[in-house]
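K.L.:
Starting from the known structure of chain A, arrange chain B on it as the hints suggest.
Number of protein chains: 2
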Amino acid sequence: MTMSLPADLWPEVKPDAARRLMYAAVESFARVGFHGTTTRDIATAAGMSPAALYVHFSSKAALLFAISRDGHQQTLEMVQRVAGTDGAPVDRMRLLVERFVEWHARRHVVARVVQYELEALPADEYAVVAALRRRIEQFVQSLIADGVKDGSFTVPDEKIAARAVLSLGIDVARWYSERARKTPKALGREYATLVLRMLGSSAR
Amino acid sequence: MTMSLPADLWPEVKPDAARRLMYAAVESFARVGFHGTTTRDIATAAGMSPAALYVHFSSKAALLFAISRDGHQQTLEMVQRVAGTDGAPVDRMRLLVERFVEWHARRHVVARVVQYELEALPADEYAVVAALRRRIEQFVQSLIADGVKDGSFTVPDEKIAARAVLSLGIDVARWYSERARKTPKALGREYATLVLRMLGSSAR
Numbered sequence: 001m002t003m004s005l006p007a008d009l010w011p012e013v014k015p016d017a018a019r020r021l022m023y024a025a026v027e028s029f030a031r032v033g034f035h036g037t038t039t040r041d042i043a044t045a046a047g048m049s050p051a052a053l054y055v056h057f058s059s060k061a062a063l064l065f066a067i068s069r070d071g072h073q074q075t076l077e078m079v080q081r082v083a084g085t086d087g088a089p090v091d092r093m094r095l096l097v098e099r100f101v102e103w104h105a106r107r108h109v110v111a112r113v114v115q116y117e118l119e120a121l122p123a124d125e126y127a128v129v130a131a132l133r134r135r136i137e138q139f140v141q142s143l144i145a146d147g148v149k150d151g152s153f154t155v156p157d158e159k160i161a162a163r164a165v166l167s168l169g170i171d172v173a174r175w176y177s178e179r180a181r182k183t184p185k186a187l188g189r190e191y192a193t194l195v196l197r198m199l200g201s202s203a204r
Numbered sequence: 001m002t003m004s005l006p007a008d009l010w011p012e013v014k015p016d017a018a019r020r021l022m023y024a025a026v027e028s029f030a031r032v033g034f035h036g037t038t039t040r041d042i043a044t045a046a047g048m049s050p051a052a053l054y055v056h057f058s059s060k061a062a063l064l065f066a067i068s069r070d071g072h073q074q075t076l077e078m079v080q081r082v083a084g085t086d087g088a089p090v091d092r093m094r095l096l097v098e099r100f101v102e103w104h105a106r107r108h109v110v111a112r113v114v115q116y117e118l119e120a121l122p123a124d125e126y127a128v129v130a131a132l133r134r135r136i137e138q139f140v141q142s143l144i145a146d147g148v149k150d151g152s153f154t155v156p157d158e159k160i161a162a163r164a165v166l167s168l169g170i171d172v173a174r175w176y177s178e179r180a181r182k183t184p185k186a187l188g189r190e191y192a193t194l195v196l197r198m199l200g201s202s203a204r
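Chains A and B, in that order, are what the protein sequence lines are.
Quick note, in the UniProt record's numbering, the first sequence goes up one by one and the last residue is 204.
Quick note, in the UniProt record's numbering, the second sequence goes up one by one and the last residue is 204.
Some clues are possibly wrong.
No copy labels: a pair is met if it fits in one copy or bridges any two.
To be verified - Derived DSSO-like pairs: lysine-lysine, alpha-carbon spacing no greater than 27 Å straight-line:
#, residue 1, residue 2
1, Lys149, Lys159
2, Lys149, Lys182
3, Lys182, Lys159
Calculated directly from the structure, the hints in this document are not laboratory data.
Extracted from the complex, chain A is given alone in its bound form:
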């Protein structure tokens, strides 16, 4: 697995030690999974003692939760910003897919953890993240509904179509690496075209 974490992840997390622990955790979770990682592994990779880790995070699960919640919140804010404007549904959908795909390509290591380690979250933390996911899906679904209403989209099932739109973007995190032929931006544009076709739009 190519491990490459953008330098600008979590600029808002303070102090530096906490951010360093999140970097170390995400790297190890992506490589050997949540259950294959110990808090000692994370502390060591961040150049700290296990005791110093507990100053910032109460457990390995608390680290996973911080990473997962942040990833979902960023995505929700982006989706809300794009889907919630009053532009034409086709334009909003194009922008949404471009940004969503670009995010999953550029941050593919983080996105893998965010998407594939969900089941490792304790029940209460899982519920918080599941609620964020539902809101993301709802925004996409209601954007599709807007397009169906104004005649720019036709889909057999709006819920399944929303699922497929998000699915295409999420799966980018699984296969994307720095060796991919397309930049995250170019891939986003290409996928936006595919999605608009999938939604039965003639604006392609």
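P.N.:
Chain B only, in chain A's frame:
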């Protein structure tokens, strides 16, 4: 995670003890990941001693390889059977997506392991599985090329389009569970329609 393994997995694997170990392994890999599983966990779940496990598989990685190779071979055979016939590209693609999606929904626990634990394979075993994956991608890509040639598909980039077709199906393994509103078969049909649209087909 809903653990439900179809009873008819690996009918060709003999003896029963080896098949039982594969069931136990896939269940644990899907639940806590390859790195979160020990050979002792697998042996215990299969009602055997660790020593008895080694009679059938030389290592935990050998179990993962058996599961992964079998999943990829089944998929390749299906893709080859459907894509390699001389029907119209639209009909072949519809059938391919229906079967591919149905496989990933019905066997979602196995498919998760097959798709998401790839990086845990040792280099030689990884190479075998990667070669099977490339052949699957090539069949899909050349089916798209057939459709472009006879005018039934139009895509900006055949390689990216093939990736997107497979991506949609693979991601089903991530989100599908027995609680999903659609049966594997119904989901396959719905996704086939979405894919044909994505490929610019008018036959939808």
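K.L.:
Okay, which hints does this one fail, numbers in order?
P.N.:
Violated hints: none at all, because every hint is consistent with the structure.
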